[in-house]
Amino acid sequence: MSLWFALSPLLILSAGGLLLMLADAFSEKHTDLALGAFMTFASAGIFAVALWIMGGVPAEVAKLVAPWIVLDKFTLFFMATLCLGGALSSLLAGGYLPEHGLDRGEFYALMILSAIGGVLLVAAGDFLALFIGLETMSIGVYAMTSFRRTNPRSAEGGMKYYLLGSFAAAIMLYGFALMYGATGTTALAGIRDALASGSFGYARDPSRLTTVIIAMAMILVGLAFKISAVPFHMWTPDAYQGAPTPATAFMSVVVKAAAVATAMRVLLVAFGDKFSSSWGAGWPPVVAGLAVATMVVANLIAIRQENVKRMLAYSSIAHAGYLLIGLVAAWGHGDPSASRNGKAAILFYLLQYTVTQAGAFGALILCGSKGKEAVSYEDLAGLGRRNPAVALPFTLFLLSLAGIPPMSGFFGKLFIFQSAIEGGFTWLAVIGLLNSVLAAFYYLRVLVFLYMKEPQPGAVEAVPMKSGYVTAAMVLASALVLYFGLMPGRSLDMAISAAQSLM
Amino acid sequence: MSAYVPMFLLFAVAATLVAAFFLLSTYMGPRNKGEPEHNTPYECGSESSGGRHIRLSAKFYLTAILFVVFDIEGVFLYPWAVKFRSLGLAGLVEMLGFLAVLVVGLVYVWKKGALEWEK
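Line by line, the protein sequences are chains A and B.
Residue numbering for the first sequence follows our numbering, starting at 444 and increasing by one per position.
Residue numbering for the second sequence follows our numbering, starting at 7 and increasing by one per position.
Next up, chain A with everything else stripped away, as it sits in the complex:
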């Protein structure tokens, strides 16, 4: 296998992004660019799957780009997941942008270029590559957030995201620098070896211990910001609400998956040594605290929302909390079986969450049309009776988000909580479970409005839009939600296999 083939998903995305940029410059109409973006994501994803089926990238080929880019099965799994999320988002954009008069071709190029950053972030085996990936991903997303230029909310969201994101990136970069100062390397595996080796000597030189702990905390802040864990979530609701809905879908799916993947790599690989990952002095209790805070705060605020898009933003924060439980379980007191199951649970959760969340935003897009975008619960009142074909996929995704069987979200949560109990964190699983009950309230509230309420007299009714692109995304996402829910075995096996390659 040549290196070209091993890197093909990245190369396809890069070429596709550049081509779309040129196509945008030279064409008058931009509606077909969505198809081009979809094809780019789809072919990159197919190549990632092909590499997986061929047994992954052979060690002697992967060695050529190591340690900057790690081409293990973990990377391939996430390449496919990110491409799936990107493909769904670009279909949503193909329907949403022309409908709402935002039909500018840059959106697709930005989306693909940002996804390249995401893939690089997932594959990064070195802090420098990681930072380049992070920034490439973020800059595209900042621009996409403020894409509705004339809308103050969009501008505010973009500005907030940009400023806070730059701060978080700077803090993280400071952490990288301190870590380099303490260990003398920026490679993740090198840092693990340095921290684990006796010669590094926490005991011999206590000042190094301080440096490492400060560096770890700073890096954790940067990661938590991108995952949007409480208390680093402040930008999320504004950015998610202000952004055009396809960009919101992209952010909550692709950006989140890439951030969680890199958090797994950094925490479980670089800080996977005995000391840094001990319950007494390392990151696991901090992550557990973040998980609890994230779930509780996000769910409590989500209940109070009157705007469905903002509710989905808080729900996306809450899901980050469940994922963080998985991260603690993936550490699992160093027990290999619990650790493997925890990692696999996160991977499976992200795979199904990608489809579900993109689908939910897509359904929200489908509920509104030009000038009458569906945003509040009231807008959705009675839609189930007026337009069952639109309400049905929405129902499917909301049930999946709430974690009700047989939707895929149920198994996602089940595996996470199961691995938490196996790893000895029954209390975390219980808190997660209680939060799922809490979350069901606001997901089911949408269903109540869809099916059991009628719009108030005189209210402007949201008229569902007609778009082949969005419909196609709905069909694809619904099919996948049911597939992951009814037959989770195969994808779970893949997740386990990917989890085992993470080291």
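Careful, some of the hints might be misleading.
[To be verified] Only pairs whose alpha carbons sit at most 27 Å apart, straight line, appear in this in silico BS3-like list of lysine-lysine:
#	chain 1	residue 1	chain 2	residue 2
1	B	Lys117	B	Lys65
2	A	Lys909	A	Lys815
3	A	Lys472	A	Lys813
4	A	Lys909	A	Lys896
5	A	Lys813	A	Lys896
6	B	Lys89	A	Lys506
7	B	Lys65	B	Lys118
8	A	Lys909	A	Lys472
9	A	Lys717	A	Lys813
10	A	Lys516	A	Lys717
11	A	Lys896	B	Lys65
12	A	Lys516	A	Lys506
13	A	Lys472	B	Lys118
14	B	Lys89	A	Lys472
15	A	Lys603	B	Lys65
None of these hints come from the bench; they were simulated from the model.
Quick caveat, the model's predicted, so the values are computed rather than measured.
Given the coordinates of chain A, assemble chain B onto it according to the supplied hints.
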């Protein structure tokens, strides 16, 4: 800790120097304060007029950003040119790839009309 002593020394010297300049000029300078002449801009520059909050055209920022992008390209070419022989064919191909990406950017910017000041 001892490694930082020179740095602290540097800070101390800098602070002393600044304080000294201010104090010396305050106490030893000519005592003719209060003349209106002293409140005017010193020698260079013309009298300022108008408020501070002037709206600048966004085109300036665009031009500045484009300049930075293509300037960095030039900066990046220098170390490559110095190491050209030892990098061999692979280095040439990689640099061509890098330039191709930038050319795409240039074509895009050109075609979009960002290089034209007046539209």
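Now for the hints, and whether the structure bears them out:
1. At most 27 Å may separate the alpha-carbon atoms for a hinted pair to count; B:Lys117 and B:Lys65 meet this at roughly 16 Å.
2. At roughly 13 Å between alpha-carbon atoms, A:Lys909 and A:Lys815 fall within 27 Å of each other, so this suggested pair holds.
3. With a C-alpha separation of about 19 Å, the suggested pair A:Lys472 and A:Lys813 falls inside the 27 Å cut-off, and the hint holds.
4. As the CA atoms of A:Lys909 and A:Lys896 are separated by approximately 23 Å, the hinted pair is consistent with the 27 Å bound.
5. Taken as a hint, the A:Lys813 and A:Lys896 pair is honoured in the structure, with Cα atoms around 23 Å apart against an allowance of 27 Å.
6. Under the criterion of a C-alpha separation no larger than 27 Å, the hint pairing B:Lys89 with A:Lys506 is consistent with the structure, at around 24 Å.
7. For the suggested pair B:Lys65 and B:Lys118, the alpha carbons sit about 13 Å apart, so the restraint of at most 27 Å is met.
8. In summary, the hint linking A:Lys909 to A:Lys472 is supported, as the alpha carbons are separated by about 19 Å, within the 27 Å threshold.
9. As the CA atoms of A:Lys717 and A:Lys813 are separated by approximately 56 Å, the hinted pair breaks the 27 Å bound.
10. Distance check on the hinted pair: A:Lys516 and A:Lys717 sit about 25 Å apart at the alpha-carbon level, within 27 Å; holds.
11. Proposed proximity of A:Lys896 and B:Lys65 is contradicted: the alpha carbons are some 51 Å apart, above 27 Å.
12. A threshold of 27 Å between alpha carbons decides the hint, and for A:Lys516 with A:Lys506 the separation of about 14 Å falls inside it, so the pair holds.
13. For the hint pairing A:Lys472 with B:Lys118, the CA-to-CA distance comes to about 14 Å; that is within 27 Å, so the pair holds.
14. Proximity of B:Lys89 to A:Lys472 is assessed by CA-CA distance (about 45 Å); at most 27 Å being required, the pair is judged violated.
15. With a CA separation close to 23 Å, the supplied pair A:Lys603 and B:Lys65 stays within the 27 Å bound.
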